[in-house]
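J.: Letter by letter, the chains look like this.
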Amino acid sequence: MTPLLLVFLVVPLLTQAPPADNAGIVQIQSLLQTGKHDEALAEIAKLDDATRNLPLLKHLAGLALYQKGNYQQAIEHLTPSFEQTPKGAAQHLQAAHLLGMSHYFLGHMPEALRFLAEIEASSLDTSETQYLRGVCQLQAQQVDEGRKTFARMFSLPADSAAAHLINAQMMIRQQLEEFAVPELEKAMALDPELPEVHFLLGELAIYKSDIDRGVELLKQEIALNPNFAMAYYRLGEAYTRQLKWDEAVSPLQKSIWLNPFFSGPFIVLGKVYLKKGDLTNAESILKRALAMDVNNYSGHHLLAQVYQKAGRQDEARKEFQAAERLRSDSQP
Amino acid sequence: MTSVTSLLICSLLTANLLHANGFNVSFTDVTKEAGLVEPIVYGGIDKKRYIIETNGCGVAFADFDNDGWVDILTLTGSRLEGFSAEKQAPTGKVYLNQRNGTFKDVTVQSGLNSPGWASAVTVGDYDNDGWTDFFITYWGQNHLYRNRGQWKTSGPLFEDVTDRAGLGQTGTRWGSGCVFVDADRDGDLDLFVANYLKFDLQTAPTPGKGPNCLWKGVPVNCGPRGFPTDTNLFFRNRGDGTFEDVSQASGIGRVQGKFAMTALVTDYNNDSWPDIYVACDSTACILYRNNRDGTFTDVALEAGAAYSEDGQSQAGMGIATGDYDGDGLLDIFKTHFADDLPVLYRNTGEGYFEDASRAAGFDHTRYVQWGTGLADLDNDTWPDVFTVAGNVYPEVEARLKEYPHRNPRLVYRNLGNGKFQDVSNQVGPAVQLPHSSRGCAFGDYDNDGDLDVLTMNMNEPPQLLRNEHIAPTRPGNNWLALQLVGTRSNRSAIGARVRLWIGQRVLVQELTSQASYYSANDPRLHFGLGSATSVDRGEIRWPNGNVQILQTLQANQILKIEEPRD
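Protein chains in written order, with my numbering: chain A, 4 to 335; chain B, 11 to 576.
No lab work stands behind these hints: they were computed from the structure. Errors might be hidden in some of the hints.
So the derived list for chain A, only partly shown, Cβ under 8 Å to chain B, looks like this [to be verified]: (1) His111; (2) Leu179; (3) Ala319; (4) Phe323; (5) Ala325; (6) Glu327.
List of simulated lysine-lysine pairs, DSS-like, C-alpha gap at most 25 Å [claimed, not checked]: (7) B/Lys162 to B/Lys114; (8) B/Lys411 to A/Lys211; (9) B/Lys226 to A/Lys211.
Positions of the beta carbon are idealized from the N, C-alpha and C atoms, including for glycine.
Working from the sequences, and respecting the hints, build out all of it.
T.: What follows is the structure in structure tokens.
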């Protein structure tokens with residue numbers, strides 16, 4: 004949620020403040036609206052203790068701290084606002100919203116879920132809060148609740164095959180692969196031809212090192228969904244896990260022809276050519292990949308290996324260093 | 011051959027390769043009968059609040075009393091809640107080999123008196139006095155123990171010479187891998203010490219309280235991501251029993267941004283100067299190339315030993331070195347976290363490695379893998395792989411059975427064609443018993459001609475697995491063990507490389523001071539010879555670079571070879 008929107012949401016709260024403090028609060032609000040969090044906090048600090056400790060002022064300070072990314076302190080300031088305002092009131096809801104977000108960003112999933120549940124079905128419950136709430140529910144192993152939340156987010160019936168598919172996809176994103184398989188099996192039982200169910204099951208089989216089953220499932224996906232470039236890409240990649248370099252070429256090429264704007268299959272194809280000792284094609288395809296995805300460190304890393312094998316040590320060193328720079332930039 | 015004394019341990023007349031199509035190895039758990047009954051304390055048993063409780067420690071096989079039989083050193087950790095006055099905090103333990111299959115606990119008289127969170131051990135004769143010393147890293151002060159050589163008299167067997175040697179430190183660091191290495195080839199052992207990360211119990215987040223504190227939805231101990239990294243240390247041996255900190259001048263301390271773990275001395279580029287490889291957790295590994303002038307440069311990236319073949323960082327834990335494909339070059343095997351595969355770096359001989367993991371038959375597992383060895387378990391000349399495992403999040407298995415806290419050991423047979431076969435369930439029930447293990451060491455504790463395994467198990471006694479490849483009723487394949495004694499080189503001969511030829515086949519090994527995970531193997535180099543009853547010729551490249559040629563060597567003996575003095 005953007006800070007600007009959050010400030011506008013504060014406006015109705017002014018009516019709850021003592022009239023004498025309205026001018027100061029308007030000034031603080033104005034500062035927050037223009038992104039001047041430190042100045043807003045400085046203004047709040049100038050107030051006397053009693054005023055500063057009003058739930059509304061604590062709330063505004065919490066909002067400023069949230070906007071600064073200081074989530075722990077934001078929680079400390081927003082908690083009184085949440086606790087001392089009536090359930091359903093605008094300030095209460097906004098405090099719940101900000102507390103939920105702050106806890107989420109700090110990795111406090113159970114606490115985040117508690118507050119995000121407070122705003123369910125309110126005007127503050129956007130796609131973003133639904134996503135975060137669904138993630139928290141999945142992390143808490145509340146599989147059915149997660150599915151209902153994501154179904155609402157995607158405007159799907161909660162018991163539909165598509166809702167099970169979306170829930171499984173979100174589980175995979177959260178590294179909850181073990182729980183995704185039953186969801187996908189339910190989706191398949193409800194609709195055996197739903198696109199991407201076989202694909203995700205195939206990916207999960209490969210993740211569990213059952214490459215043969217993964218290949219079979221990806222082939223089934225392609226039979227249902229022959230225009231799906233990603234399935235060809237993953238099939239080619241699965242063949243590389245089996246060291247079937249020749250068999251990997253065709254699906255990777257098909258993936259590229261269906262979607263020439265995605266670097267993934269180019270990079271895997273470059274690796275295939277590298278393994279086959281075809282350094283010319285490996286260099287060419289990896290350069291094409293990097294032309295469209297210059298920040299892909301795997302691409303640079305593989306191109307470095309191509310140069311190394313070709314005895315072009317200076318070029319190899321440059322590519323290794325490029326990969327390392329990009330890797331450093333992308334690491335948390 | 012000069013200065014060669016032969017100690018014939020056993021002479022086996024029948025030397026045919028048994029079960030040519032099978033893997034003629036089984037392990038028996040002899041822990042109790044060997045007298046290794048004390049648990050190794052390491053953090054909480056079923057819950058781990060902090061990463062400090064999870065990494066565990068190493069073990070060592072070493073001949074401390076010079077009787078020709080390897081003894082045992084086990085390290086230990088602590089508990090977050092500490093220990094009461096009645097129950098003393100545990101220390102490492104020294105077990106003396108009684109030469110009859112049992113060990114005597116001599117910890118009380120050993121002089122070991124440094125409780126705490128121990129990590130790794132490196133073993134070597136740093137003062138060249140003929141007695142094997144050791145260095146242990148800790149979260150906190152590391153310790154150097156000097157072997158006093160007083161094994162036939164009363165008094166402490168070891169003395170803590172940390173401060174006297176100039177290894178005292180200020181502040182709390184988390185020492186991890188460590189190796190004795192004669193980096194400048196001046197005949198004495200220098201010391202490399204890795205540091206894992208900066209950990210402060212007062213400020214460390216608790217389980218679930220941070221973005222790096224969840225694993226598959228389960229609140230778990232946090233890290234290593236999220237903690238600040240530290241730098242590594244290097245100490246030059248002055249030759250007078252003291253060390254000089256040259257971490258910065260040597261370039262060792264300049265490498266940053268790594269969660270460094272096990273270290274290994276290996277001459278990866280065959281230039282006769284020892285290099286240092288360091289497995290790093292969740293970050294690029296380090297390969298310190300010895301520049302032959304007292305400095306090192308990290309070349310892991312261009313040497314292909316930093317990442318997976320696709321350039322992904324892996325959670326490096328344990329390391330083994332050996333020539334898995336028989337090309338005369340030393341390769342590296344490294345263990346990783348769950349849902350990853352170990353890496354087998356094939357040495358190309360051109361100054362870099364290639365990731366041969368999948369080609370060799372390794373794949374993802376559910377296990378967090380730690381200590382490991384490229385050890386020829388069936389003496390068929392091809393080094394096999396033995397790995398111990400154990401999850402760092404005991405809380406997870408309650409929700410996800412696929413990720414058990416305690417795991418069986420993993421054994422892979424080298425098929426001699428560049429591939430390995432998983433034979434974990436074919437080498438006896440003792441290997442199938444689940445443990446949460448960390449370090450492990452390989453050595454022939456009973457001098458019967460096959461490699462046994464000692465493992466560190468979290469909050470359990472260690473496990474001693476006796477290899478039954480050679481048994482009274484079964485001769486097994488032939489073998490040869492070499493005990494090297496440096497005279498002009500460092501006395502422990504750490505860094506020496508031995509090559510043996512049987513017909514066209516060449517076998518190669520290097521003498522290390524740390525391997526596996528935070529552990530030290532039997533310093534005698536053990537070679538399986540298959541059906542060959544002798545080695546046609548051999549070559550020792552001593553740590554100072556001098557090469558000694560060996561003539562025909564008979565199989566099935568432990569040979570003590572002293573470096574020529576002239």
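J.: The structure should be examined with respect to each hint, and the outcome stated for every one.
T.: A quick look at each hint next to the structure:
| no. | hint | result |
| --- | --- | --- |
| 1 | His111 | holds, 7 Å |
| 2 | Leu179 | holds, 5 Å |
| 3 | Ala319 | holds, 7 Å |
| 4 | Phe323 | holds, 5 Å |
| 5 | Ala325 | violated, 11 Å |
| 6 | Glu327 | holds, 6 Å |
| 7 | B/Lys162 to B/Lys114 | holds, 15 Å |
| 8 | B/Lys411 to A/Lys211 | holds, 14 Å |
| 9 | B/Lys226 to A/Lys211 | holds, 15 Å |
In this structure, only the earlier hint numbered 5 is contradicted, and the remaining ones agree with it.
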